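Going down the list, the protein sequences come from chains A, B, C and D.
In terms of the UniProt record's numbering, the first sequence is residues 1 to 470.
In terms of the UniProt record's numbering, the second sequence is residues 1 to 470.
In terms of the UniProt record's numbering, the third sequence is residues 1 to 470.
In terms of the UniProt record's numbering, the fourth sequence is residues 1 to 470.
Hints in this document: simulated from the structure, not taken from any laboratory.
Here the structure is a predicted model, which is why all the values come from computation and not from measurement.
For identical chains, the list gives no copy identity; a pair is met inside one copy or between any two copies.
Below, in silico cross-link-like pairs of lysine to any residue (SDA-like), each with a Cα-Cα straight-line distance of 25 Å or less:
(1) K316 <-> T353
(2) K142 <-> D209
(3) K70 <-> G58
(4) K372 <-> L21
(5) K317 <-> R208
(6) K317 <-> I351
(7) K372 <-> D24
(8) K78 <-> E106
(9) K428 <-> Q389
(10) K428 <-> G458
(11) K372 <-> G251
(12) K142 <-> A154
(13) K372 <-> Q250
(14) K317 <-> T352
(15) K372 <-> N196
The chain contents come next:
Number of protein chains: 4
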Amino acid sequence: MAHNNGLARTPQMGWNNWNSLGCDVSQDLLLDTSKVLLESGLRDVGYNYVVLDDCWQGERGADGYINYNKEKFPKGMKYISDELHDMGFKYGMYSSAGEMTCARFEGSLDHEVKDAESYASWGVDYLKYDNCFHMGRFGTPKITFDRYNAMSQAINATGRSMLYSLCNWGEDYVHTFGMSIANSWRISGDIYDHFNRPDDLCSCTDPRDPHCVAPGTHCSIMNIINKVAPYVDRGSPGGWNDLDMLEVGQGGMTDNEYVAHFSMWAALKSPLLIGADLRELTPRTLTILNNPAVIAVSQDPMGRSVARIRQDFNVKKDRYGQGEIQIWTGPLYPNDQLVVFLNAADEEMTITTDLNEIFVHEGPEGSAPHSKHEWDIYDLWADRMDERQAEKILNGDTQVFQKGWFNSTETSYKDALGRRDERLMGVKVAHVGPAQPELSVIVPRHSVKMFRMQDLSGAGPRYLLSKQEL
Amino acid sequence: MAHNNGLARTPQMGWNNWNSLGCDVSQDLLLDTSKVLLESGLRDVGYNYVVLDDCWQGERGADGYINYNKEKFPKGMKYISDELHDMGFKYGMYSSAGEMTCARFEGSLDHEVKDAESYASWGVDYLKYDNCFHMGRFGTPKITFDRYNAMSQAINATGRSMLYSLCNWGEDYVHTFGMSIANSWRISGDIYDHFNRPDDLCSCTDPRDPHCVAPGTHCSIMNIINKVAPYVDRGSPGGWNDLDMLEVGQGGMTDNEYVAHFSMWAALKSPLLIGADLRELTPRTLTILNNPAVIAVSQDPMGRSVARIRQDFNVKKDRYGQGEIQIWTGPLYPNDQLVVFLNAADEEMTITTDLNEIFVHEGPEGSAPHSKHEWDIYDLWADRMDERQAEKILNGDTQVFQKGWFNSTETSYKDALGRRDERLMGVKVAHVGPAQPELSVIVPRHSVKMFRMQDLSGAGPRYLLSKQEL
Amino acid sequence: MAHNNGLARTPQMGWNNWNSLGCDVSQDLLLDTSKVLLESGLRDVGYNYVVLDDCWQGERGADGYINYNKEKFPKGMKYISDELHDMGFKYGMYSSAGEMTCARFEGSLDHEVKDAESYASWGVDYLKYDNCFHMGRFGTPKITFDRYNAMSQAINATGRSMLYSLCNWGEDYVHTFGMSIANSWRISGDIYDHFNRPDDLCSCTDPRDPHCVAPGTHCSIMNIINKVAPYVDRGSPGGWNDLDMLEVGQGGMTDNEYVAHFSMWAALKSPLLIGADLRELTPRTLTILNNPAVIAVSQDPMGRSVARIRQDFNVKKDRYGQGEIQIWTGPLYPNDQLVVFLNAADEEMTITTDLNEIFVHEGPEGSAPHSKHEWDIYDLWADRMDERQAEKILNGDTQVFQKGWFNSTETSYKDALGRRDERLMGVKVAHVGPAQPELSVIVPRHSVKMFRMQDLSGAGPRYLLSKQEL
Amino acid sequence: MAHNNGLARTPQMGWNNWNSLGCDVSQDLLLDTSKVLLESGLRDVGYNYVVLDDCWQGERGADGYINYNKEKFPKGMKYISDELHDMGFKYGMYSSAGEMTCARFEGSLDHEVKDAESYASWGVDYLKYDNCFHMGRFGTPKITFDRYNAMSQAINATGRSMLYSLCNWGEDYVHTFGMSIANSWRISGDIYDHFNRPDDLCSCTDPRDPHCVAPGTHCSIMNIINKVAPYVDRGSPGGWNDLDMLEVGQGGMTDNEYVAHFSMWAALKSPLLIGADLRELTPRTLTILNNPAVIAVSQDPMGRSVARIRQDFNVKKDRYGQGEIQIWTGPLYPNDQLVVFLNAADEEMTITTDLNEIFVHEGPEGSAPHSKHEWDIYDLWADRMDERQAEKILNGDTQVFQKGWFNSTETSYKDALGRRDERLMGVKVAHVGPAQPELSVIVPRHSVKMFRMQDLSGAGPRYLLSKQEL
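Whenever a hint applies, use it, and build me the whole structure from the sequences.
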């Protein structure tokens, strides 16, 4: 049976400690972070999973069961999950399908059943399952499938519902089978906090090459975006291409770059796991992470990723020889269209498209039905929260939350989108139609413009489920 | 044993709903379509398989047998096959060698025996067997062979003769073993209705690369043609390279492009499954699909594909950076030669070849025996049916069928070719020979010129079976 | 244990019908051909295997044993082997490690033991074992090894000594394990009778790419030479890289091209199987095939292939975009050096090297010990037989054989080389040494110059067995 | 369990006969060489493994146990190990995971248990385990893992501690699992004594391509450096990327090239096995091999390889078309930073970097914490021993050793580094800091400049163990 545990009907959202804190984990970290998530309103825009990454382990007991590190977690894992549940969060943990985890703690390979039992007994709701020290058990899809399916089966056997986040760095064509056993699957080496700098430690650069000597640990935002392009259609409700945890707020990119990063992750239907240390959350970072109009793209009930319709390398290159612009588009619930202009050139660009290009997948010039409709264009970043507002929130002034700030705990994105809730729609900035089909946009260097197109033709929802694009 | 079930001695022809209708299937659709095929004369030029694609399924019963969807098919599958058989058609169905079909209905993986029994009991004559949700069982030829062979064996065990159409998108070198278990095998990702636009969702572009991150769903006509070039010789009577179902008449290409598409599919010995919604068949589309002189190339009893003898990229490129011209040639029954000039440049081209190039596989300049013969050149599209004629047919005026229109139900292509039936020969347009070996042709942008060369030397049939080219 | 059946201590030589005659085989063909080999002196320069290729088979009996075709071979296979043995030849046959042979006769897959027994009972001395219809049993070295080892074991079990010629077109890194089970292994798709024309049906063009969608059937001389370059060191006494059967005399190349083809096959230590129809042998072809000075390179007792030390694409290209020059070198018994200048440019070239480059593998400029020796240079084609002489031989005038023509049946190449038999040495044309280290040669278009360098320093044999170069 | 036999906490150092002497091995060779190692002080700077390569074997006995060659080793292996142990060395031997070794002696495949028992009984401390004649058992990570794990398990079963040096030429992604079963793993074909000349016999040139038709035997220094770049982070205490044995002193490179070779092997944390014939050790070679400041980089207790932060091909090319410059950097114990400038251009280059680039992995321009510190720059080759001094040593004058020459047998590198022993620090040559962040260096053609940066900020050790970088 396909994986239909009812979870991840939209891409999961939450927080994970790895990107900012690595092995420096503790009970306090989790509880403190959860408090920030709650009080900053981030939980209520959707970030409801709190995920503990590597280094929580103690020794494996003589009985074969894994222990947690009692110094870092003096009250134990069940205590943490109880606390998190009380705050309205779900609790995630981590292991590796290897003899050791990446940080060389006890791995779960050949211990899947007992480890899943432990997680269930601790009230765990989510498992990130890594790929280090796999003992040579990779290299064909079947051997990787079997290794990861062992844990999938073990989780199912516990009877406890857990979101299963497969992390094998995109090896062995995992996008072709991830859906059958997991709720998400990583498609690249580890992200790092740079926009587009190539690094030898992320050696897989041709997105069409499934074999690569080392997926790596220093993959830039653009590297990952380019990797997923050939199979964006593999994500769908219940299972998602995972572009790795967010670097937003870590310090290595400009505000524009972080906006681009966050927008693309939402548009590509990647899980959205905040990677920053939230105890040091800045107002500016908050205003990226909490934009409900962009999150609504991520949490769109259709669950359709954008697809790329243009990639143009004929632009100014930077010191690393990098430079390109891209246009991505795809359907939104109920009958809108998303268009994202991604400028990765080394200068501001004016990018122009038209309705023929936006709907090119429906047919070439002049033949696409939707190219004949009238569309209003809404900028999804125009309503970005004012930084002073965000600063107030971080200072404990929650007044904003009483003033109609979007709260997905109370109202689902689906419902709000269905009635075109203004808080999710962005700001109208243009109109296109058969008479004036062109849409021309100035996009700053290393940034995106992201638009929701609203169909004025009165047509109903248009996308049937189609082959391999469910 | 090799697959010698006696079927597909020439490439199968028929209709399949997927390209135009996707999941929107029903009893009425099949019966209405069959009526069009019959009354338009398409059945009699060879389109005799009516194939139902995905989405017909209901649940799998507790007994392990699959049910059909009773709303879509109120009288059941046996009723449909009886109706089709009565009209002189054969009935095809669909499943996937996975846990689910591509549209997420019940798949046949590990249910092969019971599903084949159901198909046999329903009077099914043809099975298209897809590749979605394969549970990681691909990545080496053996594992794919075993997965598809399971259904081949299951079909054989039923005792009912069924044409077995393997659809694994060309993965795992299927062209090297497809012949041993199936009557045809797809060699690429899904076709889409564009002539040559590259799309990220058809990421495999180098035809020499057997590994590809995702065969994809948006493969253009030119993409597929270029993929099959290295192993055109793998198709032969009983088993064929499948270039996917026809897009002719779907609206995304010009008339010239559809003619090129149809001509190449015939010359490359691909199955010819009409993909358009025949209830909306236009006269112009009909005049492509019903050209007996071109279909005779497809149904040639020698079963030899053309091979490419020239590919020249040094031509005008279009907005996608695409542009090339190609020449293809190969033998025809009984002792003719086919030559196809394919202009995929962005402008009209005059293309010139000569007898030395046409017969280059027999030896270099001056040494090929057939380059010393005299040949008449016949244009296979010169006799294309007049659109007004086609319109009459679609309006129910079947007078044309009484006036000597070619009917393969009555006379086989082999017999008619053997006696050089004029309706299959095209129109004589030129002569070449040792004294005037050049053949120079003006080919419009995105189009083909397709010629049958008739040998005037009095030589008998010339091609022995040769290695790997049976 | 490694394959040490005592056979193929130097690359096998002989004749095989496929290249010229394909399926057109018979008892008379084999006997007539053997007669030509004998009377033309070809047997005595070394061509002592007569190998029957595909299409000799009848049905497989109910007892599981294969029958021969009684019409083509009325007196049976044992009769042929007896006749051949009486004439001093060894007898070779053919099958495929598949369900069918390439020409679709009964294959030996899963019938290895009984088929080997048949061959042994028929007095067979040599088996060419092909790769068609392998039922998906390829794609990793182990599965291919097992499939071919099954026949290796079956042959061994018969107790009869047979040279085992593995023919899997270079798939699955056969050069890394061929030596363990076979006496030679093909390293490419099928050769065809062109010097350097690229053809879509030989799609594997990058010699460094081990995976290729189809090894193909139209591989040019230059294509094959370039493929073997990275692992020339894998051939050694007892097991050889097989570059496929010779096209010399087939008509598709110029005399210069055939000389280049033959020279490179000898220098690269490929088996030398004549592929032409010997009943139509011309004097000119005979003078290529019977050059003892070149054959002595092939049959050199050290068994070391040349390695490439220069490949330069910066030369004039032909109509196919092809053009390059290459220099190859390697040791000869007892302490000589072979240098081959291969001109595949589209014009005559003057190619210059020096002692530093010839011995670059011993160290860079100035450091190679042998670069400090004095060397006489001998042209190995200078003594090519006069065509009128060859014509006399073919007319039955065997006087030449009484006049000291080299006869390897009487004197082994090893012995003759050891005493520097003049007939194997070529003609002295130059001298190089530290004072005048340059060697500059005019090489016609599509041709080679091939020199034996004789060391005047008085040094003894210099090459120890070294790792992976045995 | 991961391989944690307690060995190779820093990369192993020693001597192996293959590069200089190949099969020419004997008892005398080992004992004579050990004497040189001891008396030249090389043992005391760290070269404490004496490793015997291929060709020591006799026949395998009827009891399944391997014998040694009694002519080459008249007193047997135990005698040698006793002698070596007495001199303070550890004893290494060699076999192959194949039916034969590379030099065609008895291999250990399927004889692992008995062979490991023999080694243990002979007092062996180290096993180099090669890849020749593997019987097709490679091609997926699992099959290679299993083949090499068989010996790992067999060694463990003996109870004797042996450093396990896996040598499969980098095939099957060994860097992803080598750590689990071995103390080091080769990552390329065999090294040869050239700095950067491409050779057809080292065909794998794209470091990102894990599949390669033949790893080869003629891999240059630059070829190997470029191969390891994508996964330098896979080496860590207990298991190391092995770049193959040193060519220093063999004669094929200039002094600058050998310095570059040695420096990079140390910085990349490769094992350091001297490959030269030490009986002919020259003073100049000794002064490369015995530089304690460079060896201290190799033996740094953090065990972190440098990573490449710049590769620039836009420089002057040599006759082989080769030319590039590279910058590498990484942390040193306790809180220093290593920077290596590698000039492989065909001319002297001035190379400039700055603190932003050196710490780019911490964040882009301006954001890296360490880019704001003050650093002193120490040249690690400035204290290279004077040649006359070295000559004295080789002449038996050991006075230098009494004058405070660094002796790691007495004082570990870790302890000495901890107290900033001057002999390991190099010579201060510059200072950089936020005010003057640039470091500009003149690097001769084919050479390196190698600097230890000392942090003046007073910060403590900075590197936590991080994912995949342990």
